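Modelling step: build the complete structure from the supplied sequences, incorporating the hints.
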Amino acid sequence: MLSSQIKSNEIIFGSCNKDLLEEIIFYGIGLGADFVEIFIENTDNSSVLAEEDFITSVSPSFGRGAGIRIFKGKKDGFVSTNDLTKHGLMRSVSQAIEMLDITDIKREVFNGLNKHRDYSLSKKKWINEVPSIHEISEKLLVSTKSLKKNNKIITRKGSYSRNLQEVIIASSDGTYVSDIRLHQTVGLNVIASDAQYRSSGSRRFGSSGMPNEFRLWDHEKAANDVFESSMNMLYADYVDAGQMPVVLANKFGGVIFHEACGHLLETTQIERGTTPFENKLNEKIAHESVTAIDEGISEGSFGSLSVDDEGMEPEKSVLIKDGILKKFISDRAGELRTGHKRTGSGRRQNYSFAAASRMRNTYIAKGEHSKEDLINSISEGLYCKSMGGGSVGATGQFNFAVEEGYLIKNGKLTSPVKGATLIGEAKEVMPKISMCGNDLELAPGFCGSISGSVNVTVGQPHIKVDSITVGGR
Amino acid sequence: MNSREITTQISKAADFLNLKKWDYGASFSNDYSVQVDKGEPKQLKASQKQILTIRVWNQSNLVGITTTSDISESGIKKALKQANIASDFGNKNESTEFSPLAKDPIKVREVKKTNPVGIKKLLTVLREAEVKLLESHESIKSVPYNGLSESFFERVYANSEGAFRSYSKSQAALYLYARAEEKNKKPRSSGSVKLGYGADDIDIESCIKEASNKTISHLNYSSIKTDKYLICFSPESFLTIINAFSSMFNARSIIDGVSLSNKNSIGEKLSTEALNIYDDGLHEKNISSTPFDGEGTPTKRLCLINRGRIENFIHSESTARIFKTTPTGHAGLGSKVSVSPDWIVVEKSEENFDLKTSLDHSTYEGEFVYIEELNAIHAGVRASQGSFSLPFDGWLYKNGNKISIESATVAGDIKYLLKNIVNIESSQELTTSGISPHVWVDELSITGDA
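If you read the sequences in order, they're chains A and B.
Using our numbering, read the first sequence as starting at 2 and increasing by one per residue.
Using our numbering, read the second sequence as starting at 344 and increasing by one per residue.
Check before you lean on any hint, since a few could be wrong.
[To be verified] Computed cross-link-like contacts, DSBU-like style, restricted to lysine-lysine with a CA-CA straight-line distance of at most 35 Å:
#	chain 1	residue 1	chain 2	residue 2
1	B	Lys758	A	Lys153
2	B	Lys628	B	Lys667
3	B	Lys571	A	Lys428
4	B	Lys628	A	Lys140
5	A	Lys281	B	Lys484
6	B	Lys571	A	Lys149
[Claimed, not checked] So the derived label-pair ranges between C-beta atoms look like this:
#	chain 1	residue 1	chain 2	residue 2	range
7	A	Asp219	B	Ser372	42 to 48 Å
8	B	Asn556	A	Gly274	19 to 25 Å
9	A	Tyr236	B	Ser372	31 to 37 Å
10	A	Ser203	B	Ser705	41 to 47 Å
11	A	Glu109	B	Glu437	55 to 61 Å
12	B	Lys463	A	His135	49 to 55 Å
13	B	Leu562	A	Gly15	56 to 62 Å
14	A	Gln166	B	Ser705	49 to 55 Å
[Stated by the list, open to error] Sample of chain B residues at the chain A side, in silico, Cβ under 8 Å:
#	residue
15	Gly382
16	Pro384
17	Gln386
18	Ala389
19	Ser438
20	Gln728
21	Ser770
22	Leu773
Since the hints were derived computationally from the structure, they do not count as laboratory data.
Predicted model only: the values in this text are computed from it and were never measured.
Ideal Cβ placement from N, Cα and C applies to all residues, glycine included.
Take a look at the structure:
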């Protein structure tokens with residue numbers, strides 16, 4: 002094998018790797034690949050857990066690896082490895098070529114890599130600016146102490162995680178970029194209990210590219226919010242099931258749009274034939290009050306990036322404008338297979354996943370109504386103040402848990418209710434979003450899909466859905 | 344470096360850093376997978392992965408940990424140094440030690456050894472499976488979720504007191520989820536998953552047949568009235584719900600206050616005396632079986648519920664010490680050691696007690712809801728509160744007919760569910776997550792077309 006005869010070199014972070022990367026790409030093109038992409042990462046992560054009044058877990062981790070993707074026509078082969086030597090990378094290229102069973106000798110032209118675009122220059126100092134484990138631990142312990150507001154709180158937790166990812170992306174179209182990404186999240190959780198009654202409360206906060214953000218986090222406000230939520234829900238009755246109008250709160254309420262509609266606008270869903278919106282470009286798919294956006298550029302937002310995992314700068318994509326479908330979220334493979342232009346949305350959890358079209362900061366734009374306008378317009382319904390997780394099935398049906406809910410009667414919020422789930426289908430629910438509030442806010446989250454778990458932001462103003470199935474007891 | 348060399352390397356580096364007590368867990372894997380789309384390769388994937396987790400104990404006997412994929416000499420040194428720094432923040436409230444069973448003999452089941460069949464063979468097999476599934480019924484228009492994979496891996500545990508365990512195995516998986524469409528009807532989807540020790544070992548024909556039959560069986564559907572129903576849980580769905588609430592048997596969850604049980608719950612009656620539940624990671628049908636856990640404790644069969652009463656909890660080293668018992672082989676390896684079940688086996692005890700044995704899913708002619716598969720577990724289960732509200736695939740049986748339920752959720756409380764078991768059928772079925780018979784529960788809430 003040619004690869005075994007080559008003197009072993011290695012990718013070194015912080016050094017110029019251009020010659021080595023070009024050599025590997027030439028190798029792949031020479032073997033008949035149409036396109037070669039190399040994604041290399043070096044990570045430095047840590048997480049801290051505080052329970053009650055103790056630090057119970059500190060977990061640092063570090064690692065490195067490469068993901069190599071080869072395209073031939075519309076087919077692609079992907080190989081990941083921890084071996085960053087020239088030998089290891091070339092072996093991975095050979096393996097990907099072999100998987101694709103490339104036999105034709107028509108060779109693409111590779112003119113070498115473009116000038117290095119280095120997005121990491123101003124970010125190299127971040128590792129020294131993020132809070133130390135000691136600083137994190139102290140603040141988490143103060144936070145969990147803040148949660149101890151009465152004897153009904155039986156469990157208190159605070160957690161922090163920091164992911165620092167240094168990446169190099171090079172491909173046969175000349176792309177050659179480097180970047181450093183920093184994501185920090187902090188969360189608080191409680192369980193409250195009184196006799197047979199139990200409730201829980203949780204909130205998570207997150208940022209990207211802001212090393213100082215944890216220091217600025219208002220833990221007292223967060224603790225009050227979590228405590229209040231758990232107390233409100235402690236004695237709540239189960240909600241009665243039925244069809245009813247609902248008002249979904251801003252911030253994490255946007256998870257429904259993300260899950261139920263956003264995923265169906267990713268080109269991976271067109272490739273699979275699993276989106277009802279495939280042939281609906283420039284057609285009305287939602288109520289005219291709905292404008293929805295996916296972008297990767299809001300400073301500090303959890304889903305923001307300087308450059309996506311395929312080396313493209315993220316754009317602001319208006320997905321739906323006044324109810325009309327305007328754009329799909331696309332990556333390189335999506336453009337190749339569906340014809341929808343790339344949007345800087347090629348994302349992956351790490352080197353062991355091939356990039357795919359994924360959401361970034363996704364939200365419904367603000368409208369003109371106040372929150373009170375929405376609630377006042379309902380005689381009997383449900384206010385979903387805090388949403389839990391959810392999922393969307395293969396046929397587009399979604400199901401979301403309501404963490405904190407209140408009945409609406411005659412335009413007023415009344416008693417808290419628990420056990421509610423919202424059930425529906427995107428194409429049926431989108432036209433029923435009849436009112437959007439003027440209080441757009443975003444919230445961080447993690448989205449799991451074909452290319453692993455990625456950081457995203459969801460968001461919306463308060464919105465009113467005219468009718469939806471509410472599951473309960 | 345192989346596992347013996349890693350152990351030697353860690354030992355040398357630990358000596359250099361004056362770290363007297365350490366252990367580690369490592370895994371090395373080679374994975375291959377394919378997906379297809381109407382005969383064309385969709386994604387072909389291969390990966391070589393290695394991961395090492397090292398724990399060290401400092402002079403105050405506090406534990407620090409680090410995980411890395413860099414298993415080079417320098418990577419190991421760096422990991423030990425980081426773990427040593429992390430040990431300054433070790434949990435002072437709950438100590439961790441080596442498992443007292445980490446050197447006990449382990450039962451390594453003789454399993455079929457397979458070699459990689461290679462991507463090309465995987466692709467050929469999956470293409471053929473896709474074609475057969477598409478041809479099985481005119482309404483099946485696509486197989487949007489499919490995959491065939493094979494993995495070859497080695498797991499290792501070793502510690503500074505000379506414990507060393509290692510085993511290697513292979514595993515393969517096939518999943519086929521079909522999508523059926525008929526005019527003026529909503530698309531319907533269902534599928535099947537099969538595991539084997541290698542790609543040649545998977546029962547491909549039964550996966551195709553099961554995916555096809557399940558998908559077709561949902562073509563004629565109807566909404567269901569919101570109400571309380573007699574429910575028959577399929578083996579798969581009953582195991583799903585037991586696994587979702589396994590914190591009831593989990594000593595870690597009990598200590599953390601997130602379980603419905605407490606330290607004194609051993610002996611508590613949860614269900615009919617006809618119900619037995621075991622955790623049996625070494626079961627001969629468990630393809631994912633592992634002979635030891637993250638702390639090196641041997642895996643074993645453990646009775647969780649005996650005649651309707653809680654019999655045992657699952658433990659790590661530290662929870663076992665707190666509960667004054669022995670570790671059960673259910674630990675992970677982490678800064679805070681997690682505890683989780685392996686493979687649940689549900690059985691009907693030998694005496695029938697007060698069961699309504701006339702309830703048999705294949706013969707019963709009264710009205711009931713059959714729950715084939717529960718979905719969205721991560722969203723719809725509140726394990727610490729005992730409540731669930733889950734969408735499901737299933738049928739309504741009425742007047743001798745069955746019709747697929749369009750879209751519905753089942754909601755309730757796990758303790759209520761266990762107390763209201765009215766029959767456990769005799770015949771057990773093998774699933775990918777365990778073994779169970781069909782289980783009947785009275786009066787659970789279904790939300791459908793209200």
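Consistency of the hints with the structure:
| no. | hint | verdict |
| --- | --- | --- |
| 1 | B:Lys758 - A:Lys153 | holds (22 Å) |
| 2 | B:Lys628 - B:Lys667 | holds (32 Å) |
| 3 | B:Lys571 - A:Lys428 | holds (29 Å) |
| 4 | B:Lys628 - A:Lys140 | violated (48 Å) |
| 5 | A:Lys281 - B:Lys484 | holds (20 Å) |
| 6 | B:Lys571 - A:Lys149 | violated (39 Å) |
| 7 | A:Asp219 - B:Ser372: 42 to 48 Å | holds (43 Å) |
| 8 | B:Asn556 - A:Gly274: 19 to 25 Å | holds (22 Å) |
| 9 | A:Tyr236 - B:Ser372: 31 to 37 Å | violated (49 Å) |
| 10 | A:Ser203 - B:Ser705: 41 to 47 Å | holds (44 Å) |
| 11 | A:Glu109 - B:Glu437: 55 to 61 Å | holds (59 Å) |
| 12 | B:Lys463 - A:His135: 49 to 55 Å | holds (54 Å) |
| 13 | B:Leu562 - A:Gly15: 56 to 62 Å | holds (59 Å) |
| 14 | A:Gln166 - B:Ser705: 49 to 55 Å | holds (54 Å) |
| 15 | Gly382 | violated (12 Å) |
| 16 | Pro384 | holds (5 Å) |
| 17 | Gln386 | holds (6 Å) |
| 18 | Ala389 | holds (5 Å) |
| 19 | Ser438 | violated (12 Å) |
| 20 | Gln728 | holds (4 Å) |
| 21 | Ser770 | violated (29 Å) |
| 22 | Leu773 | violated (24 Å) |
In summary, the numbered hints that this structure violates are 4, 6, 9, 15, 19, 21, 22.
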